[in-house]
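All chains, full assembly: derive it from the sequences and hints.
For any residue, its number in my numbering is found by taking its place in the sequence shown, counting from 1, and adding 569.
Derived from the structure by calculation, the hints contain no laboratory data. Bear in mind the structure is a predicted one, so any value in this text is a computation, not a measurement. Note that the Cβ used here is the ideal one computed from N, Cα and C, for glycine as well. Be careful, since some hints might not be right.
[What the hints assert, rightly or not] Derived EDC-like pairs: lysine to aspartate or glutamate, alpha-carbon spacing no greater than 16 angstroms straight-line: (1) K711 to E661; (2) K705 to E661; (3) K681 to D946; (4) K759 to D731; (5) K813 to D723; (6) K842 to D806; (7) K924 to E696; (8) K759 to D694; (9) K673 to D722; (10) K724 to D937.
[As the list claims (entries may be wrong)] Here are the in silico distance ranges between beta carbons for each label pair: (11) G693 to N949: 37 to 43 angstroms; (12) K747 to W926: 38 to 44 angstroms; (13) F921 to D954: 47 to 53 angstroms.
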Amino acid sequence: MPKIDSYRKRIKKYKNKVIEQTIVKDIFGKSRELMGSAKEIQKYIRKLPENERKRITSHIENTRYRYKTIERLFIKKEKRKAVDNLFFSFDELPIFGKEYWFMKFTSDTGSKTQLLFMFGRSAGDMEINGKYLENKKLSHDKYHGYVVSWAYDDKQNNIINDLSTIKISKNSIYVNNKSVSACFSGSFPKYNLNISKNDKSICSLKITEPKNQALNFEINENYKAFFGYELVNLYFDFEGTLFKKEFHGKCYVQKVVLVGPFLPWKWGRIVFKNGSILTGFIPNLEILGLKYQINLNSYYYDSVSKKTYHYTNVRIYAFPSPDGCIRWIITGNNANKNNLYICMKSYSHETFTFKKWSNFTYIEYLVDVIDFSLALDGKNISLKDVGGGIGMVEDTGGYVF
570 MPKIDSYRKR IKKYKNKVIE QTIVKDIFGK SRELMGSAKE IQKYIRKLPE
620 NERKRITSHI ENTRYRYKTI ERLFIKKEKR KAVDNLFFSF DELPIFGKEY
670 WFMKFTSDTG SKTQLLFMFG RSAGDMEING KYLENKKLSH DKYHGYVVSW
720 AYDDKQNNII NDLSTIKISK NSIYVNNKSV SACFSGSFPK YNLNISKNDK
770 SICSLKITEP KNQALNFEIN ENYKAFFGYE LVNLYFDFEG TLFKKEFHGK
820 CYVQKVVLVG PFLPWKWGRI VFKNGSILTG FIPNLEILGL KYQINLNSYY
870 YDSVSKKTYH YTNVRIYAFP SPDGCIRWII TGNNANKNNL YICMKSYSHE
920 TFTFKKWSNF TYIEYLVDVI DFSLALDGKN ISLKDVGGGI GMVEDTGGYV
970 F
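This is the structure in structure tokens:
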């Protein structure tokens, strides 16, 4: 089922071919056709005197090292192809299977403007926000789905929260219903997102790969027995318009294929004005109404040093306030004693419910950073140093299959 294996096989085949041909030509000065197969070459080497064997073996290792650069370039090229293969395709979902696209756009100008756009489908029928989503294939490239989009621009704007159709062509995804039309299109590393409602433009965004960022995209998969996932994440820049106003900053664009239940988690991504980014993912285990945090990890990308720092022993706390907002506090440290502390206050949120044999609640909180402290390689970084920040915290509960 996973598509990612295809480019790994191509890499292995390419790598073996390049190294083998290069060793033959570089060491013996002859073509493979003249020297015979790789096994014959190995037999020839074994018959040589020990000193000659060592010289050839050393030469082989040097040749392998020189061609590692070519191999890395090829791997990167194949990974880029795999990004589009995952984005612009439907998976053959088994029971408990789900696939969804998630896009989050955060302003880097110091304003609180953010845009979220999500859509997807399930292998089985499901109730989402009180509406019944039927798992139905309309054609070879079109399915029933569900779409949600909302934004904050001085106030909360609910754009769409309804059933839809999802259609995929070679380099485009079309999400439509009676009032909203959306299209995500392009090829790595340039994409476009256009959303309109009742024939009026909501957003028109150009999404591009950053030039000075260490990690721009990632592809992961993990399948065990009948459960697992594969996903692609893009950490890109964007520019364009939202509600006919200039809008640019950092975006997070994701495609996930999940085979298994939704389990509770907390996830957050904060974009600071200087380009630094803090992310954290904390899965929860709920037993008899009690929540246990497991696998506590957070990552901080420093835009100044272009380095990413990993934090473990992360804790997240939520403090509701009388005004209806929630203050989120995250603490953590790492092996180098680089302590992390951040306090955020929510200024807008949206709640989603899923029902399929059980109940699952998913809440998106848009947050503003009100305090930040980080010890980084002996240097203390404050909120003033990063210029403030905004982002989102996800909070979930329950289970759904």
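Self-check item: Pairwise hint evaluation, E661 against K711, where the allowed Cα distance is 16 angstroms at most
Solution: 13 angstroms, holds
Quiz item: Straight-line Cα separation of K724 and D937 no greater than 16 angstroms?
Solution: Cα-Cα ~14 angstroms, so holds.
Quiz prompt | Outcome for the supplied range 37 to 43 angstroms, where the beta carbon pair is G693 and N949 | solution = 51 angstroms, violated
Quiz item: Measuring from beta carbon to beta carbon, are F921 and D954 in 47 to 53 angstroms?
Solution: 36 angstroms, violated
Quiz item: Does K759 pair with D731 here, judged by a C-alpha cut-off of 16 angstroms?
Solution: 28 angstroms, violated
Quiz item: Within 16 angstroms, alpha carbon to alpha carbon, are K705 and E661?
Solution: It holds: about 13 angstroms lies between the C-alpha atoms, which stays within 16 angstroms.
Quiz item: CA of K924 to CA of E696, is that 16 angstroms or under?
Solution: 5 angstroms, holds
Self-check item: Pair hint outcome, K681 versus D946 [Cα-Cα no greater than 16 angstroms]
Solution: Roughly 30 angstroms between the alpha carbons, so the hint for K681 and D946 is violated.
Practice problem: Would you check the hint for K759 and D694, treating anything up to 16 angstroms between C-alpha atoms as holding? | Solution: Given that 16 angstroms is the threshold and the Cα spacing comes to 34 angstroms, the pair is violated.
Practice problem: Note whether the CB distance of K747 and W926 lies within 38 to 44 angstroms or breaks it. | Solution: At roughly 30 angstroms between Cβ atoms, W926 and K747 fall outside 38 to 44 angstroms, so the hint is violated.
Exercise. Would you mind confirming whether the straight-line C-alpha gap from K842 to D806 stays at or under 16 angstroms?
Key: 13 angstroms, holds
Self-check item: Hinted pair K673 and D722, Cα distance within 16 angstroms
Solution: Holds - the C-alpha atoms of D722 and K673 are around 14 angstroms apart, at most 16 angstroms.
Violated hints, listed in ascending order, are 3, 4, 8, 11, 12, 13; each of the other numbered hints is respected by the structure.
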